[in-house]
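Number of protein chains: 2
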Amino acid sequence: MGELPLTLEGEGRQRILAAAEKLFSDKAFDAVSMNAIALQAGISKANIYHYFPNKDALYLAVLRAASRNLQKLLNDAVDAHGTVVEVLRHFARCHLQALLDRPELVRLVWREILEKGAPRAREFAEQGFADVFSALVAVLESGQARGELRADFAPALVATLMLGANVFFFQSRDILRHYPAVGFADDPAGYDAGIVEILLRGLIPESSADTVRA
Amino acid sequence: MGELPLTLEGEGRQRILAAAEKLFSDKAFDAVSMNAIALQAGISKANIYHYFPNKDALYLAVLRAASRNLQKLLNDAVDAHGTVVEVLRHFARCHLQALLDRPELVRLVWREILEKGAPRAREFAEQGFADVFSALVAVLESGQARGELRADFAPALVATLMLGANVFFFQSRDILRHYPAVGFADDPAGYDAGIVEILLRGLIPESSADTVRA
DNA sequence: CCCTATATTGACCGATTGGTCGGGCGCCGC
DNA sequence: GCGGCGCCCGACCAATCGGTCAATATAGGG
Numbered sequence: 001m002g003e004l005p006l007t008l009e010g011e012g013r014q015r016i017l018a019a020a021e022k023l024f025s026d027k028a029f030d031a032v033s034m035n036a037i038a039l040q041a042g043i044s045k046a047n048i049y050h051y052f053p054n055k056d057a058l059y060l061a062v063l064r065a066a067s068r069n070l071q072k073l074l075n076d077a078v079d080a081h082g083t084v085v086e087v088l089r090h091f092a093r094c095h096l097q098a099l100l101d102r103p104e105l106v107r108l109v110w111r112e113i114l115e116k117g118a119p120r121a122r123e124f125a126e127q128g129f130a131d132v133f134s135a136l137v138a139v140l141e142s143g144q145a146r147g148e149l150r151a152d153f154a155p156a157l158v159a160t161l162m163l164g165a166n167v168f169f170f171q172s173r174d175i176l177r178h179y180p181a182v183g184f185a186d187d188p189a190g191y192d193a194g195i196v197e198i199l200l201r202g203l204i205p206e207s208s209a210d211t212v213r214a
Numbered sequence: 001m002g003e004l005p006l007t008l009e010g011e012g013r014q015r016i017l018a019a020a021e022k023l024f025s026d027k028a029f030d031a032v033s034m035n036a037i038a039l040q041a042g043i044s045k046a047n048i049y050h051y052f053p054n055k056d057a058l059y060l061a062v063l064r065a066a067s068r069n070l071q072k073l074l075n076d077a078v079d080a081h082g083t084v085v086e087v088l089r090h091f092a093r094c095h096l097q098a099l100l101d102r103p104e105l106v107r108l109v110w111r112e113i114l115e116k117g118a119p120r121a122r123e124f125a126e127q128g129f130a131d132v133f134s135a136l137v138a139v140l141e142s143g144q145a146r147g148e149l150r151a152d153f154a155p156a157l158v159a160t161l162m163l164g165a166n167v168f169f170f171q172s173r174d175i176l177r178h179y180p181a182v183g184f185a186d187d188p189a190g191y192d193a194g195i196v197e198i199l200l201r202g203l204i205p206e207s208s209a210d211t212v213r214a
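Residue numbers (the UniProt record's numbering), protein chains in the order written: chain A, 1 to 214; chain B, 1 to 214.
Please keep in mind that the hints were generated in silico from the structure rather than gathered at the bench.
Any given hint might turn out to be false.
You can't tell identical chains apart in this list, so a pair holds if it fits in one copy or across any two.
Said to hold, decoys possible - Simulated pairs of lysine to any residue, SDA-like, Cα-Cα distance not exceeding 25 Å:
hint: 1; residue 1: K116; residue 2: P188
hint: 2; residue 1: K116; residue 2: A185
hint: 3; residue 1: K45; residue 2: A193
hint: 4; residue 1: K55; residue 2: H178
hint: 5; residue 1: K45; residue 2: D30
Let the hints inform the model, and build the full structure from the sequences given.
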């Protein structure tokens, strides 16, 4: 018992998980049949039940793995060094790149968050959200403490703004692409560079910035 | 033929549409059965087929109506007067309020946009997006032309940023609410006020704003 | 070689799915 | 009174759903 198998452990299990991940990321839970998963994995439907007790458990396992992988990806975007401004630039770019690199994971997890009627694993999907959000808030707070950023804004609000900018870009990229006025749909790095610059410097010309305060 | 009925026209039809709208906004297409819709509407399943040829047509009709209503709501947020800054403040507040007032419509339309596997009526759902986005871009452009806003940013980028801030807030409000650092989850007006202020004035203290340009 | 444990399968189950059909109910013009 | 027509329903259909089961293939250890 417990001896390490020389042949790939759980090779069949991984095949099933990969197939289910692909299908569940494209279509909703009820729109994906166990037959379709078996077909995609190249095995029989009954064989799935050798590894997973039922459809919900399989879905949960897929979401669990996706959530873990996504969380790891996104956390990599947070660890950076240098001035706060540099960290923010790095975060924005890496965060969006992570989303775009693994769109299946993002769609999978985000759909679970949006679904109002069937919270199968909502708390679990929210976990990835937590770490990134908290880390970003911490960065902003330290920026305020060091005097690199204004002290009169709520860090959580700016964190929401930045995350929202990236998530919204990810979600609506296909729509934005066929707008002539949008030149950044296929240039996520440029998008984030612009976003961060605007956030840092604002939209008001400096000469008239004081007129806003009234 | 064509005589106006004194009794409510399409009263049954409206009942079905309302029931379907409620269910389709909570759960995905395949997760909502015709039986459930009939039950919710208080009629028989067979009766639905007297008004709609099949499930897809019903869903399409629901999405059509929702998209139209949402579009109307959101367009109201755009028409405003005064300085560009005032218009932006008004837009942000009204736009988010519209989303929060009719969450069923938003979820319905937005799910259709996110679904990668079954574009039942994507183009149709995107229609609402178009008007709001264009209108917001126009506002920003006029602000630049009048010199009220800086001239060195892309209007479409800022429009994306603002819409994303609201949509993301709408989507993740339930998650944000149980973060202690977030005080604005139940104060959308305050959230948007903060967003707009940051966008206008930036995060950098004015004294050190020039250090960013390097 | 056999024995055991894991993998894998086709056939099958009851329940539910989207959709159909024939007929009943009620109202309005004749 | 009496057709006709829009509205509405219970019963039914084939197909598919998630899930079960008994039977096989496939290994590796003794």
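Hints, verified against the model:
| no. | hint | result |
| --- | --- | --- |
| 1 | K116 to P188 | between (30 Å within a copy, 20 Å between copies) |
| 2 | K116 to A185 | between (29 Å within a copy, 18 Å between copies) |
| 3 | K45 to A193 | neither (48 Å within a copy, 54 Å between copies) |
| 4 | K55 to H178 | neither (38 Å within a copy, 30 Å between copies) |
| 5 | K45 to D30 | both (16 Å within a copy, 20 Å between copies) |
Figure legend: structure checked against the earlier numbered hints; hints not met, in rising order: 3, 4.
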